[in-house]
Amino acid sequence: MSALALEGVSKYFGALPATQDVSFSVEVGERIALVGPNGAGKTTLFNLISGEIMPDKGVIRLGGQDVTQYSPDRMSESGLGRTFQKNSLFMESTVYENVRLAVQRRLGIRLKVFKSVDRYPELRRETEEVLNRVHLTSRSEMKAKNLSYGEQRQLELGIALATSPKVLLLDEPTAGMSAKETGEMVTMLKALPEDLTLLIVEHDMDVVMALARRIIVLNFGEVIADGDPEEVRRNKEVLAAYLGVGADEEALGA
Amino acid sequence: MATQAESGRKTQSFVSVHAGTIAVLAGALLLAIVPLVGSRYYVSVFTQILILSIFALSLGFLMGFPKLISLGHAAFFGVGAYAAGIFATRVDPNVVLTLGVALALSLLLALVIGVLSLRSTGIYFLMITLALAQLVYVASQQWESLTGGTNGLVGIPRPELFGLLRFDRTTFFYLVLLLAVLSYLLFRTLVRSPFGRILIGIGSNEQRMRAIGYSPRSYKLTAFVVAGAVAGLSGALWAHFNGIVTPEDLHWSHSAEALIMVIAGGAGTLIGPMLGAALIWLLESALQSYTDRSTMITGIVFILFVFFARNGIAGIAQSAWERVRR
Amino acid sequence: MGKGDILVPGTANGASTLRRFPFAVAMILLVAFLLLVGCGGGGGGGGQGGGEDPIRIGVILPYSGVYAQLGQDITDGMNLYFEEQGMEIAGRSVELIQEDTEANPQVGVEAARTLIERDEVEIITGTVSSAVAYGVIDLISQDQIPFVISNATGNDVTRRGIPYVFRTSASSWQVSYPMGGWLVDNGVQNVYVSAPDYAAGQEQAGGFKEGLAAAGGNLVDEAYPPLGNSDYSTYLTNISQASPQAEWSFYAGTDAVSFVRQYAEAGLKESVPLYGSGYMVEADTIEGQGDAAVGIRTGLFYASGLDNPENTAFIENFQSQFDRDPSTYAVQGYDAAWLIGEALKATEGDTDPDALVEAMEGVEFQSPRGPLSLDENHNPIQNIYIREAREQNGRIENVVIDTIENVQDPGA
Amino acid sequence: MSEIQTLATHMLNGLAYGFLLFILAAGLSLIFGMMDVINLSHGSFYLVGGFLGVGLVDDLGNWWLALAVSVGIVAVLGLIAEISLLRPMYNRDHLDQILLTFGLALIIEDASEWLFGTTIQSMSYPRLFSETVEVFGVVIPSYRLIVIFVGLLLAGALYLLLERTRIGSIIRAGVSDREMVSALGFNITAIFGGVFVCGLALAGFAGFIGTPILGVYSGLDFEILILTLIVVVVGGLGSLTGALWASLLIGLTQILGQAYFPSFASLIIYLVMAVVLLVRPQGLFQRRYA
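Protein chains in written order, with this note's numbering: chain F, 1 to 254; chain E, 1001 to 1326; chain S, 2001 to 2412; chain C, 3001 to 3290.
Same shape as in the complex, but just chain F (with noise of 0.2 Å):
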């Protein structure tokens, strides 16, 4: 059973075709990179696997489960997590504040309100074992918007893994960082437990080789190639896209 499949799925904003009839199934614990030029619909895919958005045609599904209609918080509990492109974060709140209410949610600390929410043990371990995950340990105490853009990005991921995610959607995680940063980040994402799928949006070539050991390239809306790195590298189609936006094989590390 595959830990993520799209049959068919696609989505019009208006005429506009957004994705079409996309279609491909991701085993559990597979590593996949999803590029393709600016526009080609990559977030949009995102937001309607992650149910922010209803697809208009096809089928979603997690875990072999059908959860097409599934509204994001149900995907999150379903087991899916995602990262956004646009630091997503709680920027009034502590770093640690942040995890935690990821933490709240996967231990199904919720409704509670007679005692304080210092007062659960399991959520403090929890929380600080992610912060360590994503080395943000020393700075649990600032406040996100105090971050670095670095650091920021780390906790973005921090909150995602903290839902104790089956399947991880990762919208382009290096984006905006120095070399140093990206090191540190792709550092972090190979030391994610073998049996997290991981489906990732990255302009950054040497991260997607680092990474993914399979890519799907999408262009106006449509999958062009599926396949291992070589595989893709070679497909006509894949160049095509990329020449057609007036660049060479650079632009695929653009």
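Think of the hints as simulated: they come from the structure by calculation, not from any bench. Positions of the beta carbon are idealized from the N, C-alpha and C atoms, including for glycine. Careful: at least some of the hints might be erroneous.
Below are the SDA-like pairs computed for lysine to any residue, each with C-alpha atoms no more than 20 Å apart in a straight line [stated by the list, open to error]:
{"no.": "1", "chain 1": "E", "residue 1": "Lys1067", "chain 2": "E", "residue 2": "Leu1186"}
{"no.": "2", "chain 1": "F", "residue 1": "Lys112", "chain 2": "E", "residue 2": "Leu1221"}
{"no.": "3", "chain 1": "F", "residue 1": "Lys180", "chain 2": "F", "residue 2": "Ala210"}
{"no.": "4", "chain 1": "E", "residue 1": "Lys1067", "chain 2": "F", "residue 2": "Ser88"}
{"no.": "5", "chain 1": "F", "residue 1": "Lys86", "chain 2": "C", "residue 2": "Asn3091"}
{"no.": "6", "chain 1": "F", "residue 1": "Lys145", "chain 2": "C", "residue 2": "Asp3093"}
{"no.": "7", "chain 1": "F", "residue 1": "Lys115", "chain 2": "E", "residue 2": "Leu1186"}
{"no.": "8", "chain 1": "F", "residue 1": "Lys112", "chain 2": "E", "residue 2": "Thr1222"}
{"no.": "9", "chain 1": "F", "residue 1": "Lys112", "chain 2": "E", "residue 2": "Leu1190"}
Some residues of chain S that are not near chain C, with every Cβ distance over 10 Å (derived) [to be verified]:
{"no.": "10", "residue": "Pro2054"}
{"no.": "11", "residue": "Val2188"}
{"no.": "12", "residue": "Val2294"}
{"no.": "13", "residue": "Gly2295"}
{"no.": "14", "residue": "Ser2320"}
{"no.": "15", "residue": "Val2357"}
{"no.": "16", "residue": "Gly2370"}
{"no.": "17", "residue": "Leu2372"}
{"no.": "18", "residue": "Thr2403"}
{"no.": "19", "residue": "Gly2411"}
Starting from the structure of chain F, add chains E, S and C where the hints point.
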């Protein structure tokens, strides 16, 4: 900084954790001596301020944490007031019962209005709460057999307690003081609880909350209902204090006044709205003695707060303290 | 630590909380400060009782909002009486302490409470709105303070027979009932009734319908637009379609101006003559109504054109004092002050509530409106005049065309 | 008059009322669509337009000149409000801007009471339209027909402006993606200012032409504001089409309700709103132009 923070979290003293509560209790103690030293006039003044501070607190909770800006909060205040007034007049002036009825009915109304309005967010939510509250306002004018119409419900007896005690001006003041402290503690407990943290998260970034698996509406509805019920409680106290309830209590200008109190006091804190209620009440009653243009001055003060002190007096006090400390 | 820190009170995370204790102290200081300001600000008004103290009379009237003009007229009427007395009665000076009720019963009750508790007034007078009056009655019954109502016409205000409550205006019934019979006597049988949908509107219309029915007249139909309505075209269309012999209405203030103007604009005035309660065409509305008011016949206990020596003197004094014409409201205020003043003279300045009540019950006098005495519920027994708005002396005036003498409210 | 003729008269009155509401709602919707700000001082500028009108019709002696001058003054006042209050706040939360318009409304309410007193002021019809006309035996004041006509004209003009002109396309683009418009090099501040001033000018215009029917008094501002908000909630925020249909719906419901269910008259529009919200929480028309 980080290490200090780390250790800080593990070694918080009792005092630092409960600073807000200590402040409120100290303020309450200070107020508790008013009937002993002041005339009956001050007792009345502070009874009113305290009732309004409960009302402002309940709206401040919605505005400051899940960031729900409602312009229909007076509906709950008014329905609480009518419920307590009608019950006291027709059935029994026992304060436990009248407050209980008021709580129950305003809670129910908050549930209905909440379900209808929380399907929308932001400005739309603001407008829908406003319009629905106006519906209740018009209904209170029309349902004359129950509410007394535009003349209002008059002759509400002073409450009593199981035949043990008939409240007079002073004892009623202590009852209101007690309930104000309890309301503060209720919201404080809520804000500090896991549930409260979820509300803060929703107020801060609703999309992300959804992405990590929370369905914001049910949490918002819960908060809305609690705030509505507490507003109803304050309305019930108001009815007992004034001996009269009129449709004006439900009018949206009453909601707007609460909003001004919250903004002036500082949304995002719990003490702020309570202080804001005191500030605005004192400002308006002081102005009324000197000028007919009190509305205009209130408007200007309000604009100044929005412009220069968006965090209200709580924010001013905070940054003043920062400066002193440095 | 930025200003945003206060967004999460009681945050249990170290650094910020450690610094919050002094913040809490600051808050306590702030509360204390507000407390002091509150006490200090209010402290000025209250004085202690004593022999040579002025007689403190609390006046609760609207000085802002839609009824501000009424409040001012009543106040000026009161001032006129007290100034005629040299601001001194039975050797004690008189102090009027005014509080604004706006158009809001809550504010009105609060104003009364402030006057009783802070200023320790011995007599209260005022209220334009009946809702305020009902609220204040509860308050003064507890504290046993005589309350002289100078406008609010709610029937039950006096029908409840509360000993401390007096009125120098009229009950709604008193103003509107006589006209029902008068219309039938003058050959008008079929009447359409309309009034705003609120307590006073219902009471006024109720009184008229009662009078009409008692005289054998016929109610064609009735309409009750919401209070504060601004477009009456719908109702006017309905009236026109029902084609009654006459229309009787009660509207006040802003509503009266809109209704009367639109009635004339719709061309109805010629086909269906307009009658009404006197408050519909009064000093506060006539200017706005303009020519539209001409020809309307209304019933009230006063008319500016009333020919008696008291009225002539009153108008003259009022004009010289305030440089404008008095209204019915000014008369109500003048008579309220008169009632209070005469009672105080009788008690020789004693403000003991029961003595005052007894003295007021005995007061009987010639008011600018004609003879006035109080019934057992302390509501005036007085003439009701049928007036017609006519253009004369370069302005529109209510001219008395008939008098119904000694009308008394039927009581509970 | 027959029943049918009475009904026709009511319908025409309702339409006139509806189109008056539309002029207000269109301005409110335009401002919201562009700036994400609900202008809580909308009714106040209606009031200003009305009061100016009453004074200027008397002073200038020419109804049409007074109309132009009043709307012009309202626009200038709107520009002052935009520059002094809203412009410094564009980088702040939208809520702050809404709160400011509310503060402004409080000030204008009290100022109008100060300057014009509390009694209702009325304005005569323009001489040309002061008569009643008879159409198929239905007698109606011709002024109301003019209000209907003006409302229709305005709806058409706004449609053409937004759909067929360059300015319109910029505004429409700004409604859906503000950042893109500024990225394309348009002066977003100027556009905001322009839209805000136009919206307020519409409110002032409505105030002027509404005053011969409704009169004008301090306090009418908030009544008008609430009515306009109801129209916009029912129609769907930011939708001009929605504003049009909702205005007519509310106008007709109000008038017909008064005529045939007088005891529920004041409740009925709130009930309509509640029902619409139950069925379509986002209003009859979603946020989208024409």
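Hints versus structure:
1. Restraint check: the Cα-Cα separation between Lys1067/E and Leu1186/E comes to about 18 Å, which is no more than 20 Å; the hinted pair holds.
2. With a C-alpha separation of about 15 Å, the suggested pairing of Lys112/F with Leu1221/E holds against the 20 Å cut-off.
3. As the CA atoms of Lys180/F and Ala210/F are separated by approximately 15 Å, the hinted pair is consistent with the 20 Å bound.
4. A threshold of 20 Å between alpha carbons decides the hint, and for Lys1067/E with Ser88/F the separation of about 17 Å falls inside it, so the pair holds.
5. The straight-line distance between the Cα atoms of Lys86/F and Asn3091/C is roughly 19 Å, inside the 20 Å bound, and the hint therefore holds.
6. A distance of roughly 17 Å separates the Cα atoms of Lys145/F and Asp3093/C; the hinted pair therefore holds under the 20 Å criterion.
7. Of the supplied pair hints, the one linking Lys115/F and Leu1186/E holds, its CA atoms being roughly 12 Å apart against a limit of 20 Å.
8. Of the supplied pair hints, the one linking Lys112/F and Thr1222/E holds, its CA atoms being roughly 12 Å apart against a limit of 20 Å.
9. Of the pairs offered as hints, the one joining Lys112/F and Leu1190/E holds, with about 9 Å between alpha carbons and a cut-off of 20 Å not exceeded.
10. Residue-level check passed: Pro2054/S sits 31 Å from the nearest beta carbon of chain C, beyond 10 Å.
11. Distance check for Val2188/S against chain C: the nearest CB is about 22 Å away, which clears 10 Å, and the non-interface claim stands.
12. Here Val2294/S stays apart from chain C, with its beta-carbon at least about 16 Å from theirs, past the 10 Å limit.
13. Distance check for Gly2295/S against chain C: the nearest CB is about 18 Å away, which clears 10 Å, and the non-interface claim stands.
14. At the 10 Å boundary, the C-beta of Ser2320/S stays outside the reach of chain C, the nearest C-beta of that chain being 24 Å off.
15. Every Cβ of chain C is farther than 10 Å from the Cβ of Val2357/S; the closest lies at roughly 35 Å, confirming the non-interface assignment.
16. No Cβ of chain C comes within 10 Å of the Cβ of Gly2370/S; the nearest lies about 28 Å off, and the non-interface call holds.
17. For Leu2372/S, the non-interface assignment is confirmed: its Cβ lies about 29 Å from the closest Cβ of chain C, beyond the 10 Å cut-off.
18. For Thr2403/S, the non-interface assignment is confirmed: its Cβ lies about 30 Å from the closest Cβ of chain C, beyond the 10 Å cut-off.
19. No Cβ of chain C approaches the Cβ of Gly2411/S within 10 Å, the least distance being about 29 Å, so the stated non-interface status holds.
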